[in-house]
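2 protein chains.
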Amino acid sequence: MPHDPSTIAILMPGDMGHAVGRALGEHGHRVITCLAGRSDRSRQLAAAGNIEDVGDLGRLVREADMVLSILPPASAIKLATDVANAMTAAAARPVYVDCNAIAPETVSVAAGIIGAAGAAFIDAGIIGLAPGKGTGTRFYISGPDAAPMLALDGHGFEVIGLGDQIGQASAMKMCYAALTKGTWTLQTALLMAAERHGLYDALIEEFAFSQSATLNAMQNGRLARIPADAARWVGEMKEIAKTFRAVGVPGDFHDGAAEVFRTLARTPFATETRENWDESRTLADAIPVYAAHLDDTGEEQD
Amino acid sequence: MPHDPSTIAILMPGDMGHAVGRALGEHGHRVITCLAGRSDRSRQLAAAGNIEDVGDLGRLVREADMVLSILPPASAIKLATDVANAMTAAAARPVYVDCNAIAPETVSVAAGIIGAAGAAFIDAGIIGLAPGKGTGTRFYISGPDAAPMLALDGHGFEVIGLGDQIGQASAMKMCYAALTKGTWTLQTALLMAAERHGLYDALIEEFAFSQSATLNAMQNGRLARIPADAARWVGEMKEIAKTFRAVGVPGDFHDGAAEVFRTLARTPFATETRENWDESRTLADAIPVYAAHLDDTGEEQD
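Taken in sequence, the protein lines are chains Y and B.
With this note's numbering, the residue at position 20 of the first sequence is 786, and numbering never jumps.
With this note's numbering, the residue at position 219 of the second sequence is 985, and numbering never jumps.
Fair warning: there could be bad hints in the mix.
As the list claims (entries may be wrong) - So the derived label-pair ranges between C-beta atoms look like this:
hint	chain 1	residue 1	chain 2	residue 2	range
1	Y	ARG807	B	THR1048	45 to 51 Å
2	Y	ARG807	B	LYS844	54 to 60 Å
3	Y	ALA997	B	GLY1014	16 to 22 Å
4	Y	VAL875	B	GLN931	30 to 36 Å
5	Y	GLY881	B	ASP1051	38 to 44 Å
Unchecked claim - Within a straight-line C-alpha distance of at most 25 Å, the following computed SDA-like cross-link-like pairs (lysine to any residue) qualify:
hint	chain 1	residue 1	chain 2	residue 2
6	B	LYS1008	Y	ILE970
7	B	LYS899	B	GLU818
8	B	LYS899	Y	ILE970
9	B	LYS899	Y	GLU971
10	Y	LYS1008	B	VAL1055
11	Y	LYS899	B	LYS899
12	Y	LYS1008	B	ASP1061
13	Y	LYS899	B	SER978
14	Y	LYS1008	B	ASP1021
15	B	LYS844	B	GLU829
16	B	LYS1008	Y	ALA1058
17	B	LYS844	B	ASP781
18	Y	LYS899	Y	GLY794
19	Y	LYS1008	B	GLU971
20	B	LYS899	Y	ALA979
21	Y	LYS899	Y	LEU1049
22	B	LYS899	B	ALA917
23	B	LYS1008	B	THR847
24	B	LYS1008	Y	ASP819
25	B	LYS1008	Y	ASP1021
Said to hold, decoys possible - Far from chain B, some chain Y residues (derived; all Cβ distances over 12 Å):
hint	residue
26	ASP781
27	ALA802
28	PRO838
29	HIS921
30	TRP1043
31	ASP1044
No lab work stands behind these hints: they were computed from the structure.
Quick reminder that beta carbons are idealized off the backbone N, C-alpha and C, glycines included.
Can you make the complete structure from the sequences, with help from the hints?
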């Protein structure tokens, strides 16, 4: 197998996956996927990413030199199992790269499944916005067989090695997302608490006086638009809690974060996507709707 | 009783209490306390605040027009009980102001105890550094009998009314501290997790690239010096969790915050005070020591 894999499969082409696929295509790779049973949105994103649908997993593992798994965390093990079964049936063993936001413990399960099928496994954690959207996407990677991913450095994203131990790249992603998504949900929780205590305006006024940089981040950052990703991030928060507890650090913050995302996933804003979300919604618009969907309210807002 | 109470008792003169006392003295009030059974540090702080020791609670309630309770949260109910007993025994009923960082539910218990002794009760929450140290100390207050506290506005601090409902001032303090101390402990938790996974330097490098404002806050803010207050803040975090759960918001973040403070209270840095803490200690110095005191390490560093 060449160190610069020429055919790369992306499973599944969501917001991040399709942009990675498009970037790889622009750098001369053939990029394929398998859309059987996928949503219309996945089909649209695959088309937007110029990603070729090869129809089924059997053909995919035969034609791919490398498979990138980029999924909601809760699907990571199921997909590794499906791909391992397809590899065994097809006697084809592309390098498998698990790019999901999962705990080192969960990665080691995926690595075991792929390893049993005889294929090389690379642990990866993606940090930053999708290629083409921000200041550069970073793929942190680790594992003893990481060379094929290192060869992709500069093909639309940066690749940074973290040594030969499976789990390190995922732990990096977990600690990073612990900050970003942990902070958003902590802020959302306390603003909902203030709202429910009738103190939202008074608290914002106090923050304007003594926490203006943080207030600015709350009002002009992602807080009013996190419901679009909330359902997917519930599982990621549970994986962070698991990552922390494995080394004796309290996982409670991210249990709370999972609960907040569960609440936000019940709001009407949760049907938005990054392509169509309402940029004009303010924090002051969002918080009362978020708070109205807390578990104990029994209210419905549709 | 005058609306500008001339004699004010401070219980107990810690970091905040003694500075409030000094400010009130500078504004013409007689400021008293009761140091029976208190530590040498309390005596030193009382002296630094020009606060007169009247010896016992009986004399204190007879001589004071107002009692300010400024304590570690876990002591709030015990002190309210002691003062209520002293009021009953002395047939003296100064206005009692609970300034502690406690949940509305806990305040209502204190209000019941003081009310049963026949005295007026004001709920207060202090935000900002102690008088003389920062951009201004704010006393948020609430309750039907708040006039005597409103009369102190400008006497070394700002007094801001939040209506006539006991519990609102405390809820305000809880939501505010949920942000500041919640953020510090979240950041500490994820840095300890990175440390334990051998990824501290890699994570700091990534933050320098993509989260530079937050990294700057972590490196140049309070993180390396929070052990000094950690033992006291465990109880405050539990009160925040209670405040959140009372309105259906997840309390898990601040359960985690309490755990982090419990860990930090076990470090050698926990013996420091705000007067003598080591300003030269960096975040990179502090985190490995914090992480070595996590519950599961079994290590001791003294």
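Here is what the structure says about each hint:
no. : hint                              : in the structure
1   : ARG807/Y to THR1048/B: 45 to 51 Å : 47 Å, holds
2   : ARG807/Y to LYS844/B: 54 to 60 Å  : 59 Å, holds
3   : ALA997/Y to GLY1014/B: 16 to 22 Å : 20 Å, holds
4   : VAL875/Y to GLN931/B: 30 to 36 Å  : 52 Å, violated
5   : GLY881/Y to ASP1051/B: 38 to 44 Å : 40 Å, holds
6   : LYS1008/B to ILE970/Y             : 21 Å, holds
7   : LYS899/B to GLU818/B              : 22 Å, holds
8   : LYS899/B to ILE970/Y              : 23 Å, holds
9   : LYS899/B to GLU971/Y              : 21 Å, holds
10  : LYS1008/Y to VAL1055/B            : 22 Å, holds
11  : LYS899/Y to LYS899/B              : 44 Å, violated
12  : LYS1008/Y to ASP1061/B            : 16 Å, holds
13  : LYS899/Y to SER978/B              : 19 Å, holds
14  : LYS1008/Y to ASP1021/B            : 16 Å, holds
15  : LYS844/B to GLU829/B              : 21 Å, holds
16  : LYS1008/B to ALA1058/Y            : 19 Å, holds
17  : LYS844/B to ASP781/B              : 20 Å, holds
18  : LYS899/Y to GLY794/Y              : 20 Å, holds
19  : LYS1008/Y to GLU971/B             : 24 Å, holds
20  : LYS899/B to ALA979/Y              : 20 Å, holds
21  : LYS899/Y to LEU1049/Y             : 23 Å, holds
22  : LYS899/B to ALA917/B              : 22 Å, holds
23  : LYS1008/B to THR847/B             : 21 Å, holds
24  : LYS1008/B to ASP819/Y             : 52 Å, violated
25  : LYS1008/B to ASP1021/Y            : 16 Å, holds
26  : ASP781                            : 18 Å, holds
27  : ALA802                            : 36 Å, holds
28  : PRO838                            : 21 Å, holds
29  : HIS921                            : 19 Å, holds
30  : TRP1043                           : 22 Å, holds
31  : ASP1044                           : 24 Å, holds
Hints 4, 11 and 24, counting from the list given before, are not met by this structure.
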